[in-house]
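> Given only the sequences and the hints, what does the whole structure look like? Please build it.
Sequence lines, in order, name chains A and B. Note that my numbering has the first sequence beginning at 40, numbered continuously upward. Note that my numbering has the second sequence beginning at 9, numbered continuously upward.
Among the clues, some could well be false.
[Unchecked claim] The list that follows gives simulated cross-link-like pairs (lysine-lysine, DSS-like), each with its CA atoms no further than 30 Å apart:
(1) B:67 - A:191
(2) A:88 - A:125
(3) A:168 - A:183
(4) A:151 - A:87
(5) A:88 - A:191
(6) A:131 - A:151
(7) A:183 - B:176
(8) A:87 - A:297
(9) A:151 - B:176
(10) A:131 - B:176
(11) A:131 - A:191
(12) A:151 - A:168
(13) A:77 - A:151
(14) B:176 - A:166
(15) B:67 - B:154
(16) A:168 - B:176
(17) A:151 - A:247
(18) A:87 - A:166
Quick caveat, the hints were computed from the structure, so don't treat them as lab data.
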Amino acid sequence: MNMHSSVNSTTAFDTSSQSDQDVLISLDHVSLSFGGVKAISDISFNIKKGEIRAIIGPNGAGKTSMLNVINGFYHPQEGTITWRGKVRRKMKPYEAASNGIARTFQNVALFKGMSTLDNIMTGRGLKMKTNFFWQCLRVGPALKEEIANREKVEEIIEFLEIQHIRRTPVGRLPYGLQKRVELARALAMEPELLLLDEPMAGMNIEEKTDMSRFILDVNDQYGTTIALIEHDMGVVMDLSDRVVVLDYGRKIADGAPKEVQSSQAVIDAYLGVSH
Amino acid sequence: MAFDLFLLEVIVTGLLAGVMYALVALGFVLIFKASGVFNFAQGVMCLFAALTLAGIMEKTGWPAWVAIPLTIGVMIALAWLIERLVLRHLINQDPIILFMATIGLAYVLEGSGDIIWGSDVKVLDIGLPQGAVDWLLDTHNFYIEKLEIFAAVIAAVLVGVLAIFFQKTRIGRALRAVADDHQAALSVGISLRTIWVIVWSVAGIVALVAGVVWGTKSGVQFSLSLIALKALPVLILGGFTSIPGAIVGGLIIGVGEKLAEVYMGPLVGGAVENWFAYMLALAFLLIRPQGLFGEKIIERV
Chain A
40 MNMHSSVNST TAFDTSSQSD QDVLISLDHV SLSFGGVKAI SDISFNIKKG EIRAIIGPNG
100 AGKTSMLNVI NGFYHPQEGT ITWRGKVRRK MKPYEAASNG IARTFQNVAL FKGMSTLDNI
160 MTGRGLKMKT NFFWQCLRVG PALKEEIANR EKVEEIIEFL EIQHIRRTPV GRLPYGLQKR
220 VELARALAME PELLLLDEPM AGMNIEEKTD MSRFILDVND QYGTTIALIE HDMGVVMDLS
280 DRVVVLDYGR KIADGAPKEV QSSQAVIDAY LGVSH
Chain B
9 MAFDLFLLEV IVTGLLAGVM YALVALGFVL IFKASGVFNF AQGVMCLFAA LTLAGIMEKT
69 GWPAWVAIPL TIGVMIALAW LIERLVLRHL INQDPIILFM ATIGLAYVLE GSGDIIWGSD
129 VKVLDIGLPQ GAVDWLLDTH NFYIEKLEIF AAVIAAVLVG VLAIFFQKTR IGRALRAVAD
189 DHQAALSVGI SLRTIWVIVW SVAGIVALVA GVVWGTKSGV QFSLSLIALK ALPVLILGGF
249 TSIPGAIVGG LIIGVGEKLA EVYMGPLVGG AVENWFAYML ALAFLLIRPQ GLFGEKIIER
309 V
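Structure follows, in structure tokens:
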């Protein structure tokens with residue numbers, strides 16, 4: 040739908056065995072189970088640099104588990120994950136973060152007692168390196184660093200149009216704005232891959248429009264690769280370059296929004312049943 | 009005139025005693041702020057730190073300036089051990105589970121202190137000023153302990169540094185972030201393990217300061233761990249999450265206690281000092297449960 044649309048036509052339903060340069064992350068034959076319950080079984084797909092990739096599927100299809108695997112909350116029992124051309128071992132969440140993977144959560148996970156500004160500043164933590172000693176006194180290099188990073192944060196605040204709530208403790212904000220602050224915190228990490236878990240859940244039309252615009256702008260202006268889970272099919276079709284569809288922990292379709300939409304398997308499993 | 013001076017003396021003594029309580033309360037606030045856990049072992053940590061310092065000095069005869077950094081090292085090692093052996097296995101558990109773990113920790117620490125350093129009362133003398141301020145005593149017949157003034161200065165410095173550290177620095181923000189939401193903290197690249205080691209180290213060092221001051225005042229003995237009980241009303245007054253609150257709470261309790269003892273004591277037969285703090289805390293719980301400076305927690309239902 041935008042400048043990346045060319046990638047859609049090359050491969051339609053099987054993208055697992057690719058090794059081109061522009062693949063950012065690729066998951067091959069990944070399986071994840073909790074005790075006897077299989078959350079993800081033998082799923083392969085990849086995300087290319089600069090694209091917006093949607094992961095859809097009915098409730099319980101394993102979408103969130105998929106994100107949790109990518110950012111290191113869960114470690115799959117089988118399969119490999121190739122990040123920037125390197126097969127990665129067990130990656131801990133904070134390692135994923137320092138590798139440029141940021142995310143938001145389905146039920147907003149903000150630091151409720153802290154102000155909007157402080158919440159976003161936590162996203163800069165990895166970019167700040169001064170040691171404990173300077174930090175204790177907040178002088179010298181620590182102060183300099185603080186100011187430099189604060190500038191970046193102000194830029195993001197302006198970008199997402201949340202100047203007016205800068206000092207408000209986020210616990211007091213309405214839900215839609217909390218979602219936006221969460222996006223801001225993730226953006227503050229200047230991620231290469233941004234994972235959005237239902238960024239528009241529980242929003243009204245106006246808020247959804249805003250959020251869609253922000254997602255497209257992030258992708259456009261910062262060149263950030265985005266993987267998002269979303270239930271609103273209209274939004275998915277509008278935003279995404281490619282869509283992967285999960286059902287009961289299996290992949291049932293993968294390709295451009297139009298192709299996926301017309302796939303019989305998808306209609307059976309998803310569109311026809313739950314919506 | 010003489011009466012006013014007496015009142016002033018009571019108030020000042022109370023304030024300084026309050027600072028001593030506040031020092032202990034500070035350790036609680038630190039860990040509570042950064043992990044949402046009430047650390048039952050904080051009092052024992054004060055004891056353990058003082059005991060280690062006194063023990064090292066007694067056994068080796070090394071001067072204080074060698075023994076103190078050594079003790080700080082021990083407290084940091086202790087923090088690391090606590091993370092490694094206890095906290096790491098309790099990620100994403102309820103605060104109450106962590107609280108129970110700290111109760112266990114209190115007993116382990118108390119026992120180890122006993123085994124390593126013996127159970128007799130130790131004298132701790134690292135050269136802190138002691139006795140009355142002579143000049144005031146001579147000229148105005150006004151009694152203040154030097155040690156208490158020293159404690160007040162130390163507390164002021166500690167609070168200043170900690171307040172800035174918590175509110176305005178990267179590590180401070182990370183600490184508060186961890187207290188709020190483990191998963192979200194992980195997702196922005198905060199390592200829980202590092203944070204916990206830092207928090208417990210800082211709490212351990214604060215415990216050492218409190219332990220040294222109390223130990224110098226009344227000897228290092230196992231009843232030292234009971235000063236933790238006095239820190240509780242301080243925390244309820246000041247709010248569990250506020251560093252300035254710990255100080256103000258301590259001061260209020262200190263002064264209130266002394267005033268109550270002097271003016272109410274004779275009416276009810278004395279010993280008001282022993283229960284006054286708890287009654288005050290109880291009253292506060294009824295009126296303002298979040299304390300003077302605590303964060304009001306609003307649960308959306």
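> Hints broken by the structure, by number, lowest first?
Hints 1, 4, 13 are the ones this structure does not satisfy, whereas the remaining hints hold.
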